Amino acid sequence: MRLLRAELSKLVSLPSVWTAFAVGLLVPSVIAYLNASSMRGRNAQAAGLDVGFEELGFGVIAAIILGVVAVSSEYATEGEESAGGRQITASLTAAPSRGGFLLAKIGAVALAAAVMSAVATAATLGAVAFALADAAPPMGEEVPRMLGVVVYWVLTALLASAITLLTRNGIVPLAVLILNTSVVSVTFLLSKVTPLASYLPDMAGARMITSRIHSSVEMPPVVGGLVMAAWVAALLAVGAAVFLRRDA
Amino acid sequence: MRGGARPAGEVRAAGARRAGAREARRALRAELLKLLTLPAVWLTVAGTWAAAVALAAAFAAAGRRGGAAAASALDVGLAPVGYAQAGFIVLGVVAAVSEYGGGQIRTTLAAMPRRAVRHGAGIAALLLVAVPAAVVVCVSGAAVAWLVLGGAAGAAGGGRACAAVAGAVGYLALTAVLAGAVAGVVRRAVPAVAALLGHYFIAGPLLRDRAAFAAWLPDTAGLGMWSAGGGGLGAAAAWGVVAAWSAAAAAVSLAVFVRREA
Numbered sequence: 002m003r004l005l006r007a008e009l010s011k012l013v014s015l016p017s018v019w020t021a022f023a024v025g026l027l028v029p030s031v032i033a034y035l036n037a038s039s040m041r042g043r044n045a046q047a048a049g050l051d052v053g054f055e056e057l058g059f060g061v062i063a064a065i066i067l068g069v070v071a072v073s074s075e076y077a078t079e080g081e082e083s084a085g086g087r088q089i090t091a092s093l094t095a096a097p098s099r100g101g102f103l104l105a106k107i108g109a110v111a112l113a114a115a116v117m118s119a120v121a122t123a124a125t126l127g128a129v130a131f132a133l134a135d136a137a138p139p140m141g142e143e144v145p146r147m148l149g150v151v152v153y154w155v156l157t158a159l160l161a162s163a164i165t166l167l168t169r170n171g172i173v174p175l176a177v178l179i180l181n182t183s184v185v186s187v188t189f190l191l192s193k194v195t196p197l198a199s200y201l202p203d204m205a206g207a208r209m210i211t212s213r214i215h216s217s218v219e220m221p222p223v224v225g226g227l228v229m230a231a232w233v234a235a236l237l238a239v240g241a242a243v244f245l246r247r248d249a
Numbered sequence: 654m655r656g657g658a659r660p661a662g663e664v665r666a667a668g669a670r671r672a673g674a675r676e677a678r679r680a681l682r683a684e685l686l687k688l689l690t691l692p693a694v695w696l697t698v699a700g701t702w703a704a705a706v707a708l709a710a711a712f713a714a715a716g717r718r719g720g721a722a723a724a725s726a727l728d729v730g731l732a733p734v735g736y737a738q739a740g741f742i743v744l745g746v747v748a749a750v751s752e753y754g755g756g757q758i759r760t761t762l763a764a765m766p767r768r769a770v771r772h773g774a775g776i777a778a779l780l781l782v783a784v785p786a787a788v789v790v791c792v793s794g795a796a797v798a799w800l801v802l803g804g805a806a807g808a809a810g811g812g813r814a815c816a817a818v819a820g821a822v823g824y825l826a827l828t829a830v831l832a833g834a835v836a837g838v839v840r841r842a843v844p845a846v847a848a849l850l851g852h853y854f855i856a857g858p859l860l861r862d863r864a865a866f867a868a869w870l871p872d873t874a875g876l877g878m879w880s881a882g883g884g885g886l887g888a889a890a891a892w893g894v895v896a897a898w899s900a901a902a903a904a905v906s907l908a909v910f911v912r913r914e915a
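Residue numbers (our numbering), protein chains in the order written: chain A, 2 to 249; chain B, 654 to 915.
Treat the hints as calculated values from the structure; they're not laboratory data. It should be emphasised that the depicted structure is a prediction, and the values quoted were computed from it without experimental measurement. Check before you lean on any hint, since a few could be wrong.
Stated by the list, open to error - Okay, the calculated bits of chain B under chain A, using three or more residues with CB under 8 Å as the criterion:
no., segment
1, 840-846
2, 859-872
Unchecked claim - Facing chain A, a subset of chain B residues (Cβ under 10 Å, in silico):
no., residue
3, A693
4, T697
5, A699
6, A703
7, A714
8, I742
9, V746
10, V747
11, G754
12, Y853
13, F854
Positions of the beta carbon are idealized from the N, C-alpha and C atoms, including for glycine.
Please construct the entire structure, taking both the sequences and the accompanying hints into account.
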């Protein structure tokens with residue numbers, strides 16, 4: 002518990018995490034608002050079902066930044082003034098059990114991502130409801146999808162952390178994961194080449210959020226979430242194995 | 654004696670000009686050497702090139718299988734530029750941030766006290782690395798697409814091909830300068846990369862279809878420089894807008910660099 006508190010306090014004191022939070026809050030809500038306002042006059046009921054959720058799928062960049070920064074900040078050298086020190090040496094001195102440290106880190110990332118996604122989902126769907134006024138789709142039946150957004154963000158943040166555990170440097174995982182969140186993602190292009198690509202973590206996980214995926218493979222949302230979770234678990238296991246064995 | 658004053662002044666002015674040119678030349682050489690000895694620069698360029706070639710081959714293979722429209726090898730080969738720009742963003746960031754990772758900036762400024770000269774040399778050195786890298790990426794992408802597509806490729810006129818490749822190269826190089834300017838202000842790699850990639854790959858494409866002002870943003874305007882689809886602006890206007898963004902970013906980063914403590 003104390004480890005978890007320490008990890009949360011480290012996360013909360015990182016400016017990048019707050020920037021990520023602001024991005025994750027503003028990008029989906031503002032773009033969903035623009036999108037919803039532009040379709041107000043037309044058949045909003047039919048078109049508006051995915052408004053907000055699609056944008057929340059892109060807002061996952063906040064979870065990516067969170068997951069990457071949580072790990073990469075431990076390995077960033079702090080410059081000549083502090084003898085090129087890295088935070089990880091202090092962290093492991095304070096928490097010598099690497100397994101415990103890693104569990105606390107993962108827990109803190111998951112918790113922060115869950116809070117971020119819940120706030121972002123509320124803000125985005127609120128903006129859509131505000132823009133569409135009475136034409137807004139009823140929110141009551143969308144609760145499972147909202148949960149899907151939270152699960153997607155949390156799993157993505159953990160995926161980012163797992164990759165950063167391996168690279169120890171934030172730029173590569175950031176570049177790869179953000180590129181792959183773009184409107185035409187690399188995995189989406191791959192799924193045109195081989196149906197197997199539909200089982201990649203982001204393609205599978207996106208089923209929890211949107212039904213409009215043009216792919217040859219049909220997958221219910223729960224299965225998509227499970228496939229993504231399996232990926233994350235596998236990558237975390239590799240990341241943990243490396244972290245437990247490699248010199249800090 | 655008064656008669657001799659003017660020639661002496663001119664001589665002095667000419668000497669000062671020569672000294673200034675020498676200082677600029679030396680600064681450029683120093684910045685270029687620093688850039689070329691960074692492993693991260695070489696890794697970024699190599700990774701970008703490999704990814705662009707692989708994507709060009711994949712696009713071309715998909716295009717040949719689809720076969721709907723006889724896409725020209727040029728358009729297919731330049732399509733990966735949309736992804737390769739990430740590599741050039743990272744290149745600009747790495748170049749700018751490497752000074753701040755340790756205390757190198759203090760050594761740099763001890764050797765080159767004139768901050769404006771050092772900043773200009775930094776941008777020029779970045780361009781000298783980014784332009785050849787962009788040429789290699791674009792030309793090899795087009796060549797791979799041409800090889801894979803073979804006879805199925807639609808022909809592109811020589812003039813248009815040159816203009817499109819030049820546009821792609823210019824766009825990638827200007828994007829690297831813009832990224833370097835942003836990173837020079839942020840001074841840290843991860844936040845700079847996150848912000849730039851977030852704009853170029855997520856916010857930009859989302860805004861593109863939804864807001865009219867997006868046509869003037871550097872990523873969407875840049876489409877007019879290299880993409881077959883274009884970004885709503887003509888090629889000349891696109892060059893102007895993207896160059897203006899890069900110049901403005903470089904000016905802001907210069908102003909910040911001159912004033913802020915290193």
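Taking the hints in turn, this is what the structure says about them:
Counting residues of the segment 840-846 of chain B whose beta carbon lies closer than 8 Å to any beta carbon of chain A gives 4, which reaches the threshold of three, so the coverage claim holds. Counting residues of the segment 859-872 of chain B whose C-beta sits closer than 8 Å to any C-beta of chain A gives 4, which meets the bar of three, so the coverage hint holds. Proximity of B/A693 to chain A holds as hinted, the smallest CB-CB distance being about 8 Å (cut-off 10 Å). For B/T697, the interface hint holds, the least distance from its beta-carbon to any beta-carbon of chain A being 9 Å, beneath 10 Å.
Given the 10 Å rule on beta carbons, the hint for B/A699 is violated: about 13 Å separates it from the nearest Cβ of chain A. Taking 10 Å as the C-beta cut-off, the interface hint given for B/A703 is violated, the closest approach to chain A being about 13 Å. The interface hint given for B/A714 holds, since its Cβ lies 8 Å from the closest Cβ of chain A, which is under the 10 Å cut-off. About 8 Å separates the beta-carbon of B/I742 from the nearest beta-carbon of chain A, less than 10 Å, and the hint is met.
With its C-beta approaching chain A no nearer than about 8 Å, B/V746 sits inside the 10 Å limit, and its interface hint holds. This hint holds: B/V747 has a C-beta 8 Å from the nearest C-beta of chain A, less than the 10 Å allowed. This hint holds: B/G754 has a C-beta 7 Å from the nearest C-beta of chain A, less than the 10 Å allowed. Hint on B/Y853 holds. Least Cβ distance to chain A is approximately 8 Å, under the 10 Å limit.
Against a cut-off of 10 Å between C-beta atoms, the interface hint on B/F854 holds, since the closest Cβ of chain A lies about 4 Å away.
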